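From just these sequences and the hints, can you work out the full model?
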Amino acid sequence: MTVLRRVVLALGLPVVLVAAWWFASAGSTDFYFPPLATIVEVFPETWFGSRLTDDVLPSLARLGIGYAAALLLGVALGIVIGSNRWVRATTEPLLEFLRAIPPPVLVPILILVAGIGDTMKVLVIVSGCLWPVLLNTVEGVRSVDDVLADTCRTYRIRGRLRWWHLVVRSASPQIVTGARQALSVGIILMVISEMFAANSGLGYSVIQFKDGFQIPQMWSGVILLGLLGVLLSVLFRLVEHRVLSWYHGSRTASEEP
Numbered sequence: 001m002t003v004l005r006r007v008v009l010a011l012g013l014p015v016v017l018v019a020a021w022w023f024a025s026a027g028s029t030d031f032y033f034p035p036l037a038t039i040v041e042v043f044p045e046t047w048f049g050s051r052l053t054d055d056v057l058p059s060l061a062r063l064g065i066g067y068a069a070a071l072l073l074g075v076a077l078g079i080v081i082g083s084n085r086w087v088r089a090t091t092e093p094l095l096e097f098l099r100a101i102p103p104p105v106l107v108p109i110l111i112l113v114a115g116i117g118d119t120m121k122v123l124v125i126v127s128g129c130l131w132p133v134l135l136n137t138v139e140g141v142r143s144v145d146d147v148l149a150d151t152c153r154t155y156r157i158r159g160r161l162r163w164w165h166l167v168v169r170s171a172s173p174q175i176v177t178g179a180r181q182a183l184s185v186g187i188i189l190m191v192i193s194e195m196f197a198a199n200s201g202l203g204y205s206v207i208q209f210k211d212g213f214q215i216p217q218m219w220s221g222v223i224l225l226g227l228l229g230v231l232l233s234v235l236f237r238l239v240e241h242r243v244l245s246w247y248h249g250s251r252t253a254s255e256e257p
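Using UniProt numbering, read the sequence shown as starting at 1 and increasing by one per residue.
It is worth saying that the hints were derived from the structure and are not from the lab. Mixed in with the good hints, there may be bad ones.
Stated by the list, open to error - FRET-style restraints, in silico, Cβ to Cβ: (1) 212 <-> 27: 40 to 48 angstroms; (2) 162 <-> 68: 54 to 62 angstroms; (3) 68 <-> 142: 20 to 28 angstroms; (4) 88 <-> 45: 48 to 56 angstroms; (5) 233 <-> 210: 25 to 33 angstroms; (6) 163 <-> 222: 42 to 50 angstroms.
For clarity, every value in this text was computed on a predicted model and none was experimentally measured. A virtual CB, placed ideally from N, CA and C, is assigned to each residue, including glycine.
Here's what the structure looks like:
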């Protein structure tokens, strides 16, 4: 019954909104806001053909590479910065300056540096996804329990064992929080990067449909991006529960009377 209730709560509002959109737009004659039925009708022929391999998969590949690079770089730098008070004090002004720069502003600069190929698009994704991971990792490392740190020193747990079993494990809830935030940022930047000097990708296709006044196809691209966002969010939650099963289990046990 609990699982059924969760499914109803998760799908209830989206179903209501889609139904409202369907009936509200059923008689629409506005060129720019076609009926949802028309958008659904053109969806399969638009995205289940050659565009799946030419646009959708390349976009997801760029997102995956950029997101993975941001995770690795953000966690590594975050552990180093968060573990050393002097390094943190030295780098904090620079980090505050860099994270305040909107990643889309960097697109023209990255085009000059890396060209208009896939490298530029991946770097745009990395430039936005890095900061949530880095800053949350720093805070996670800083909040390592002092008692656990003293216990490690008492039992002479040093080096790689200390880093992995104390620092990374204690900071992992914060790291996962940053990774979740970075995923949504990465999807946005994936689309933005493909709107500049591109010849493939979801963002490129949506712009091409707009310029060609193929409005139902344009809306179908917007819907596809939303569906991909939901799918990636669900996959992330599954990975999160697997990685942090020990954390969620301890919280559940502590909340029980």
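Structure-based check of all given hints:
1. For residue 212 paired with residue 27, a C-beta distance near 25 angstroms fails the hint of 40 to 48 angstroms.
2. One distance hint, 54 to 62 angstroms for the beta-carbon pair residue 162 and residue 68, is violated here, with the actual separation near 26 angstroms.
3. The supplied range of 20 to 28 angstroms is met by residue 68 and residue 142, whose beta-carbon atoms lie about 25 angstroms from each other.
4. Between residue 88 and residue 45 the beta carbons are some 54 angstroms apart, a value that agrees with the proposed interval 48 to 56 angstroms.
5. One distance hint, 25 to 33 angstroms for the beta-carbon pair residue 233 and residue 210, holds here, with the actual separation near 26 angstroms.
6. For residue 163 and residue 222, the hinted distance range of 42 to 50 angstroms is satisfied, since their beta carbons lie about 44 angstroms from each other.
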